[in-house]
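Trainee: Chains A and B, in that order, are what the protein sequence lines are.
Just so you know, the first sequence maps onto residues 1 to 347 in my numbering.
Just so you know, the second sequence maps onto residues 1 to 448 in my numbering.
Source of the hints: derived by calculation from the structure; they are not laboratory data.
C-beta atoms are modelled at their ideal positions from N, C-alpha and C, and glycine is treated no differently.
Each hint can be trusted.
Every beta carbon over 12 angstroms from chain B, so not counted as near; a handful from chain A, in silico:
| no. | residue |
| --- | --- |
| 1 | A75 |
| 2 | Q101 |
| 3 | R180 |
| 4 | A300 |
Calculated pairs, SDA-like style, for lysine to any residue (alpha carbon to alpha carbon, straight line, at most 20 angstroms):
| no. | chain 1 | residue 1 | chain 2 | residue 2 |
| --- | --- | --- | --- | --- |
| 5 | B | K354 | A | A192 |
| 6 | A | K286 | B | T103 |
| 7 | A | K286 | B | L102 |
| 8 | A | K286 | A | S314 |
| 9 | A | K73 | A | P324 |
| 10 | B | K153 | A | Q54 |
| 11 | A | K142 | A | R65 |
| 12 | A | K274 | B | W137 |
| 13 | B | K223 | B | E247 |
| 14 | A | K142 | B | H144 |
| 15 | A | K286 | B | S109 |
| 16 | A | K111 | B | L313 |
| 17 | B | K153 | B | D293 |
| 18 | A | K286 | A | A267 |
| 19 | B | K153 | A | W45 |
| 20 | A | K297 | A | A267 |
| 21 | A | K210 | B | R357 |
| 22 | A | K204 | B | K354 |
| 23 | A | K73 | B | Q134 |
| 24 | A | K111 | B | P414 |
| 25 | A | K111 | B | R423 |
| 26 | B | K354 | A | A211 |
| 27 | A | K204 | B | V419 |
| 28 | A | K111 | B | D311 |
| 29 | A | K111 | B | M183 |
| 30 | B | K354 | A | A208 |
| 31 | A | K274 | B | D233 |
| 32 | B | K153 | A | T38 |
| 33 | A | K111 | B | T422 |
| 34 | A | K210 | B | N367 |
| 35 | B | K354 | B | S248 |
| 36 | B | K153 | B | R222 |
| 37 | A | K274 | B | I139 |
| 38 | A | K286 | B | G101 |
| 39 | A | K111 | B | R417 |
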Amino acid sequence: MFSCRDGLRAVAAAALCAGLGAQAQGAGAYPGIGRDATPKEVAAWDIDVRPDFQGLPAGSGSVQRGQDVWEAKCASCHGVFGESNEVFSPLVGGTTPEDIQTGRVARLNDKGFPGRTTLMKVATVSTLWDYIHRAMPWNQPKSLSSDDVYAVTAYLLNLGGIVPDDFTLSDRNIAEAQARMPNRNGMTTRHALWPGPEFAPGRKPDTAAKACMHDCPVGLEVASRLPDFARNNHGNLADQNRLVGAQHGVQTAPAAPAKPADAKPQAPTALLEKNACTACHAVDSKLVGPAFADIGKKYAGRADYIAGRIRAGSSGVWGSVAMPPQASLSDGDAQAIARWLAGMAKP
Amino acid sequence: MSTMAGRVRKAPENFLQGEGVHTAAAQARAGRRDFIRSAFAAAASGVAASAALAQAPVGEGDPAILKLPAHSTGLGQPVATDGYGKPSRYEANVQRRQSPGLTQTRQASVSFAPLQSLFGIVTPSGLHFERHHQGWWDIDPSQHRFMVNGLVKAAKVFTMDELMRLPSVSRFHFIECGANTGMEWGNVAVPTVQYTHGMLSCSEFTGVPLITLLEMAGADLRKGRFALAEGADGSSMTRTIPMELIESGEVLVAYGQNGEMLRPEQGYPLRLVVPGVQGVSWVKYLRRVEVGDQPWAAKDEAVHYIDLMPDGLHRQYTSTQECKSVVTTPSGGQMLLDQGFYNITGLAWSGRGKVRRVDVSVDGGRNWRTARLESPVLSKCLTRFNIDWVWDGQPAIIQSRAMDETGYVQPTYPQLRAVRGTRSIYHNNAIQSWAVQPSGEVANVQLS
Chain A
1 MFSCRDGLRA
11 VAAAALCAGL
21 GAQAQGAGAY
31 PGIGRDATPK
41 EVAAWDIDVR
51 PDFQGLPAGS
61 GSVQRGQDVW
71 EAKCASCHGV
81 FGESNEVFSP
91 LVGGTTPEDI
101 QTGRVARLND
111 KGFPGRTTLM
121 KVATVSTLWD
131 YIHRAMPWNQ
141 PKSLSSDDVY
151 AVTAYLLNLG
161 GIVPDDFTLS
171 DRNIAEAQAR
181 MPNRNGMTTR
191 HALWPGPEFA
201 PGRKPDTAAK
211 ACMHDCPVGL
221 EVASRLPDFA
231 RNNHGNLADQ
241 NRLVGAQHGV
251 QTAPAAPAKP
261 ADAKPQAPTA
271 LLEKNACTAC
281 HAVDSKLVGP
291 AFADIGKKYA
301 GRADYIAGRI
311 RAGSSGVWGS
321 VAMPPQASLS
331 DGDAQAIARW
341 LAGMAKP
Chain B
1 MSTMAGRVRK
11 APENFLQGEG
21 VHTAAAQARA
31 GRRDFIRSAF
41 AAAASGVAAS
51 AALAQAPVGE
61 GDPAILKLPA
71 HSTGLGQPVA
81 TDGYGKPSRY
91 EANVQRRQSP
101 GLTQTRQASV
111 SFAPLQSLFG
121 IVTPSGLHFE
131 RHHQGWWDID
141 PSQHRFMVNG
151 LVKAAKVFTM
161 DELMRLPSVS
171 RFHFIECGAN
181 TGMEWGNVAV
191 PTVQYTHGML
201 SCSEFTGVPL
211 ITLLEMAGAD
221 LRKGRFALAE
231 GADGSSMTRT
241 IPMELIESGE
251 VLVAYGQNGE
261 MLRPEQGYPL
271 RLVVPGVQGV
281 SWVKYLRRVE
291 VGDQPWAAKD
301 EAVHYIDLMP
311 DGLHRQYTST
321 QECKSVVTTP
331 SGGQMLLDQG
341 FYNITGLAWS
351 GRGKVRRVDV
361 SVDGGRNWRT
371 ARLESPVLSK
381 CLTRFNIDWV
391 WDGQPAIIQS
401 RAMDETGYVQ
411 PTYPQLRAVR
421 GTRSIYHNNA
431 IQSWAVQPSG
441 EVANVQLS
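Looking at chain A on its own, in the form it has when it is part of the complex (with noise of 0.2 angstroms):
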């Protein structure tokens, strides 16, 4: 598709083409189409930060600043410190002063613990700055300026014990900050599942697996299998499978009785999924928030009260996560969803 027979029937074109060799099949081959990108364009999308921190902007935010943003947009869905399982796997714990010292985040040789939080396996701060910028808070993303990320990642770090409470980092000490992260020696190349010569050319895939045919040596123990009680999570098996073929699927339910006619109203699902709300709840079950279904029990037939609610935010009355000041949210679509909850319990 390089060829320089195509598009090119200028006489400079093919002068060009016949000496300019790998441009002219560039830009020269395909006249009229794409143009120079402007500075202020490329300023606008060109926000990534790499671990040698090309691309980060000038700036400073202190841990203090970092815990008053993290509050009001990061706990909701984090936890206060950053432990919170709610949601998203906790970004905090795990980490040690030794891990600081050595860079190798000693409890990933543990098996028994549980889980791996973001400081246990994040080796590059770079990544911590990009990604808050990039795509937090995750139903307002790139609303943080660049100052709130670097306090926000100032906060998160000093949950860490990376950073001390009086720290404020910028982008002249960063450095500091990436010479302590607890799992900076913590990751390695060599492998070979990256498809390019950079990081560990030649290298061999890690099982050598053998064709054997007959008689082959192998384990024939059923070493793992559904236990019984589990046989429905994925609800009934009958229903994921086609009504005809060579193989049905298996009833795992019992037969459903009869639905009852659905008197309730409607959900109205597109305002919810439009404001992000199902981002923390669900109709009939607790996520973060409370279950819709719950909040309609609770406030049957106060439809007022519950929109004051959504709008100007709620804590304490469900549990620990605060519900933020839902300040984007239109009148309309407060009113719409409260009317639908409030009259959710109706018999």
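Given chain A, work out where chain B should sit, using these hints.
Mentor: Okay, now just chain B, sitting in the frame of chain A:
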């Protein structure tokens, strides 16, 4: 209920929703302990009859033949009843599904493709597995822009109109999430092939080789040995791609999928296609590619999509999906209707090239036969295999083992765990075992 004559009895419609299935399933559960330890002993013959589900004799003939149905005696629907046709209403069970409890939110979650119900190698676009990190969007293509910057002579911007004017290629490739089968590293965790292997799909993708666009910007390919791909959605997913793969012409900036535009859940209007590499690198809603001289250690290559090894180190920049296969029918959660002939069928693929061979065992890996590979057999693409099997009603453990054109052979669980332990989450390509019980019920098992 209808009946049909023949050596292999077909089940009438809705046959599995009756009481007989409950009985069969109960027998299967009761028979389990009998069969597990001596999976291949003839001693199991005593319970082998439980698959013989009662069926009424044909009598004078099958009512489905003798009594003409409405569709044989009436007028059907007009053309264009539906401007975009849908599957038959009888196919409503064939859906992508979430695995309960796997994630806490539906915006950062996964839905699995129903591999047990698919034929051939192409995944219908509406059944393609989904993985979203911050919810999906339906983006106005007239407002979408694609930028190339970094180590280039001039940063460039392209509209969709412009990208679609360029010479395009169309290629079939599989896409597999690096965490596919990740729930099964330590033990059996899920019941069916939809949940064990369903973060896998295959489509014909149409688009422009990324190298064309990088050359149009005058990329410095001597210094710029890495590229960063970035999405336009909230998560603005970023992943580092090796320039060597881009230079091969395989990496596409794609807008087409199976003859139409990409589905919104798959990144409409533009996504990266990185053949052989795990799905997270196939950045959706693609807005930018930057050329650079170092990798980026983005969140999804520094916090997630890193593989924990037994020595406590994480493998970083793991990308290639190694050779793997799975039998899709018979598979977990299915019921063989009777003894007799079956076609064992499944899928094989490799991130390093073409599938060379697939072997199938029905005795838990002691003896193997080589399966038929159906055409086409394409590089970094799903390959369909089939092999005949006559089930005698005895316990059986069905496995498939693929080999790719590099000579790499798909490992067993013990072989894989010996080098990687059980905590790495990603890149589980072990041989899958399905135990056929005398009742006909098929279960997901792992062998010692």
